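There are 2 protein chains.
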Amino acid sequence: MPSIKDVARHAGVSTTTVSRVMNNFPNISESTRKKVFDSIRTLDYHPDYIARSLSKKQSLIIGVIIPDCSHMFFSELVKHIEMTAQNNGYKILLCNSLDDKEKELSYINMLKEKRVDGIIMGSHLINTEAYKSIEKPIITFDRCLDDKIPYVGSDNFTGGVLATQHLIDRGCKKLLHISGSLKLTSLANKRSDGFKLTCLENNVSYQIIEYQHTKLTFDYFYDFIEKEVSKFLHTVDGVFCSNDMLAYALYVYCLNNNLTVPEDIKIIGYDNSQFTRILQNPKITTIAQPIQILGELLCSNIIRLIEHDEQAKVYSQIVAVELVQGTTT
Amino acid sequence: MPSIKDVARHAGVSTTTVSRVMNNFPNISESTRKKVFDSIRTLDYHPDYIARSLSKKQSLIIGVIIPDCSHMFFSELVKHIEMTAQNNGYKILLCNSLDDKEKELSYINMLKEKRVDGIIMGSHLINTEAYKSIEKPIITFDRCLDDKIPYVGSDNFTGGVLATQHLIDRGCKKLLHISGSLKLTSLANKRSDGFKLTCLENNVSYQIIEYQHTKLTFDYFYDFIEKEVSKFLHTVDGVFCSNDMLAYALYVYCLNNNLTVPEDIKIIGYDNSQFTRILQNPKITTIAQPIQILGELLCSNIIRLIEHDEQAKVYSQIVAVELVQGTTT
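Protein chains in written order, with this note's numbering: chain A, 2 to 330; chain B, 2 to 330.
Treat the hints as calculated values from the structure; they're not laboratory data.
Wrong hints could be hidden among the right ones.
The list makes no distinction among identical chains, and a pair is therefore deemed to hold if it is satisfied within one copy or across any two copies.
What the hints assert, rightly or not - Derived lysine-lysine pairs resembling DSSO-like cross-links, with alpha carbons at most 30 Å apart: (1) K36 <-> K184; (2) K36 <-> K133; (3) K232 <-> K184; (4) K137 <-> K35; (5) K104 <-> K137; (6) K36 <-> K104; (7) K35 <-> K175; (8) K104 <-> K284; (9) K6 <-> K36; (10) K175 <-> K137.
Bear in mind the structure is a predicted one, so any value in this text is a computation, not a measurement.
Chain A with its partners taken away, still in its complex shape:
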């Protein structure tokens, strides 16, 4: 059975280079990559990863727990996490927690069992205590669990301010904010703080309606609007929606119920996800989260935590958002 030295000799490079190519390090020339892969194929070389990871006490796997990978924001976030992992020799184990606390918990247990080296947590169902008992690297998306657990998120407060100020600048006087559950300790709730403060500072009347956090589909939102929001729609002239899918559902509801957007009601969303960027009619005015940067930071920070054995301090990071003008305001 061939060794890594045989591959290096065959390709005319060092064993370090072979290792780097195999772990998909960036900054390796295409010609070197090709030489190494040709030699790997010719010699039919394959190291035993489980043995290697046991000797290193590493699985080279990062657990990624999100609510739902078919949600258009998270599908992109996962893509950028995975690309960054791949560039650093890691793979990702994907979990959709959906509506299921036990599923979220079983993934946390897996972390304790050392089957993954660290975890990126983008799902927010379980209380903080369950996380504090983990002694392995963990990083959260948009959630501040504890001083010791770093997070990565976008600047939700400023996002809320930008969205609300934009509606006011467009002439709105009676604002509505539709938000995820404010009881959960999600940093996304700071959008609602930004909304309230901006309304108060501008003497604009406002109200806030909360939906259940774990349902993120168009059908759920349309139904929610019909049942819980529609009775207020004739008393407001601007709505700040906490995500784009909700904003689109509201737009469609208005269209179906003889409310003109943006004349009768102005609508602004949040995310600028793939769906919003592709959609041509309407172009939804929204607050853009830098999804690629968020994914890259989540992944590179968890790798720093894993590889520096928690001695290196990893700080929480907040990334800037920006307004994208569409046709709904």
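Mind docking chain B on chain A? Use the hints.
Chain B alone, transformed into the frame defined by chain A:
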């Protein structure tokens, strides 16, 4: 350190029940699940998965290789694969091959290294030989590599026939089919066979234009239409697009260039992905693939292959598609 027996005793159930709860088997009552999880928490029980998987020579991980998890068809497919895996005590390792043959190859090598128990292959860049050298369970999506490697796919040929016959029934006389590369050994190419045969049987003139298979974004398709397709659009009255994103890009292109849909040109897509189901204007006429069934079959079949040590024959499966009438035809 507590054992599984301690948990079983504490919860007042059998060790088998504890194991089933931990592996998220279906058909366990909520009260039993709760009792077991409470005991697990109280005793702070966590088995060592790596040791367990080594003793079983199993990692309990399935590799899933797809082109791009942010693509709206694949994001849903992955969700249903992951849910089925979870119900059977497996996790999934996700890889986006994107445009990168080496990345696809590195995942195949990982399979050889036993880091995963089996692989679901939905990416189609590398030639068949690389797959034949794998002696571990593998199942492909929409690709027939070899008699010995089972696949799961939708009935692409019938999909092509349904789409084409629908355009003809709506009065189209000059048809265009825009397809992924027909050089690749993808079963999706059978859509084009169905298209051709139906045109010939109905004495309808036709042409086929191919795009590069690995690019699946709205921007790529819009650009491709502008450069490669637009010159033919005034000579056709019906277009069968090989996916919905392409169909939407074509619709938007027509809108921007004074071609009325469906009056001047009728457009039919393929997939009925989440994007299409949510989009209200237009409702794209399309061929619906049963994404949930495809994901469930891919996952349950790979698990059968893994657990029966390839002694149980797993047959390739083709799942029925159906026409969904929208406003673009």
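Each hint, compared with the structure:
1. K36 <-> K184: between (56 Å within a copy, 26 Å between copies)
2. K36 <-> K133: between (47 Å within a copy, 22 Å between copies)
3. K232 <-> K184: within (24 Å within a copy, 56 Å between copies)
4. K137 <-> K35: between (37 Å within a copy, 25 Å between copies)
5. K104 <-> K137: The answer is both: 19 Å in one copy and 28 Å across copies each meet 30 Å.
6. K36 <-> K104: between (44 Å within a copy, 15 Å between copies)
7. K35 <-> K175: Classified as neither; 62 Å inside a copy, 46 Å across copies.
8. K104 <-> K284: neither (36 Å within a copy, 35 Å between copies)
9. K6 <-> K36: within (14 Å within a copy, 53 Å between copies)
10. K175 <-> K137: neither (47 Å within a copy, 63 Å between copies)
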